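Residue numbering for the sequence shown follows the working numbering, starting at 1 and increasing by one per position.
None of these hints come from the bench; they were simulated from the model.
Computed from a predicted model, the values in this text were never measured in an experiment.
Take every hint as true, because none was put in to throw you off.
Pairs of lysine-lysine residues, derived as DSS-like cross-links and limited to a Cα-Cα distance of at most 30 Å, are as follows:
id	residue 1	residue 2
1	K306	K178
2	K88	K76
3	K123	K111
4	K88	K48
5	K63	K88
6	K111	K63
7	K312	K48
8	K48	K306
9	K307	K76
10	K178	K298
11	K178	K76
12	K178	K123
13	K298	K48
14	K63	K306
15	K88	K306
16	K76	K63
17	K111	K126
18	K143	K126
19	K123	K143
20	K298	K76
21	K111	K312
22	K123	K88
23	K48	K307
24	K143	K76
25	K76	K126
26	K111	K76
27	K178	K48
28	K48	K63
29	K76	K48
30	K178	K88
31	K63	K312
32	K178	K307
33	K88	K307
34	K312	K76
35	K178	K143
36	K88	K312
37	K307	K63
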Amino acid sequence: MKPTELLSIIIPFHNEQEVISECQRRISAAVAAIDMQIEILYVNDGSKDDSLDILIALMQQDKRIKIIDLSRNFGKETAMTAGLDVAKGDAVVIIDADLQDPPELITEMVKIWRTGFDVVYAKRTKRKGESLIKKATARLFYKLINKISDHEIPENVGDFRLMSRQAVDALNQVRERKRFMKGLFAWIGFPQTAIEYSRDPRLAGKTNWNYRKLTKFAIEGISSFTQEPLRLATYMGFLTAFGAFALGLFYIIKTLMFGDAIQGFPTLITVILFFSGVQLLSIGILGEYIGHMFIESKQRPLYFIKKTYSAKADD
Numbered sequence: 001m002k003p004t005e006l007l008s009i010i011i012p013f014h015n016e017q018e019v020i021s022e023c024q025r026r027i028s029a030a031v032a033a034i035d036m037q038i039e040i041l042y043v044n045d046g047s048k049d050d051s052l053d054i055l056i057a058l059m060q061q062d063k064r065i066k067i068i069d070l071s072r073n074f075g076k077e078t079a080m081t082a083g084l085d086v087a088k089g090d091a092v093v094i095i096d097a098d099l100q101d102p103p104e105l106i107t108e109m110v111k112i113w114r115t116g117f118d119v120v121y122a123k124r125t126k127r128k129g130e131s132l133i134k135k136a137t138a139r140l141f142y143k144l145i146n147k148i149s150d151h152e153i154p155e156n157v158g159d160f161r162l163m164s165r166q167a168v169d170a171l172n173q174v175r176e177r178k179r180f181m182k183g184l185f186a187w188i189g190f191p192q193t194a195i196e197y198s199r200d201p202r203l204a205g206k207t208n209w210n211y212r213k214l215t216k217f218a219i220e221g222i223s224s225f226t227q228e229p230l231r232l233a234t235y236m237g238f239l240t241a242f243g244a245f246a247l248g249l250f251y252i253i254k255t256l257m258f259g260d261a262i263q264g265f266p267t268l269i270t271v272i273l274f275f276s277g278v279q280l281l282s283i284g285i286l287g288e289y290i291g292h293m294f295i296e297s298k299q300r301p302l303y304f305i306k307k308t309y310s311a312k313a314d315d
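Could you build all of it, start to finish, from the sequences and the hints given here?
The structure is reproduced here in structure tokens:
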């Protein structure tokens, strides 16, 4: 009897021609034993290499493949959103094309989902192929954001996860433009659990991330999910005002009691530089939040689809 449940697998990719064929082979092998209909949904996030052409050829061999070709590179967060918008599955898996996350875990995710969990996320116990600096900064980021955010984001967890139809429908209602997906996955709630694994290095090719992009991603994540930086500016304002008052009081008492002349220039320069730094930091924090408001106010579409490829006539 043909299974009635549908499993959608979303694979966002950007310039992954060296691994895309192996990615499809392993995903196809991994889902072979799952008693569900399968939809394999690739989202092309503006690739400049031959990734799309390779997938179109693979689609002729596997009719379960569907390709969403975005009009340009919108970023991975938006590419995942496009896949979630299109996916029809009763359960939906998101996995990267670089094979650092093993497709073989999908079978276990499905089993756990069937016990009643709406979200089954993969938690890394080891991060092979990553530098000590990247591991340390990632850990620091999650410690910081969980300290100041109202919603806990699991540490050592990426985008690799399975979500129920209910969780996907809830997530699809959130249409904010600055999309920190790891935060949104946690924010929607629903029963969630982890499955642990050891993350492999990239099979081939080069990562599209660098420290500049990761820093920008971290700033957007923090400013999207907490108001604490704004409160920090307020706290610093109170602290500097108190410090200035205390310093002024100290000089008055010192002059009245001891008659010492105040050495004005070094003190003045120090105070000016200190206050200037605090003001610039506060303006930067405000600017980040105002920038979010400006982008949201324009209400632009999150993405545009250039073309959809499918071997099935009804898609």
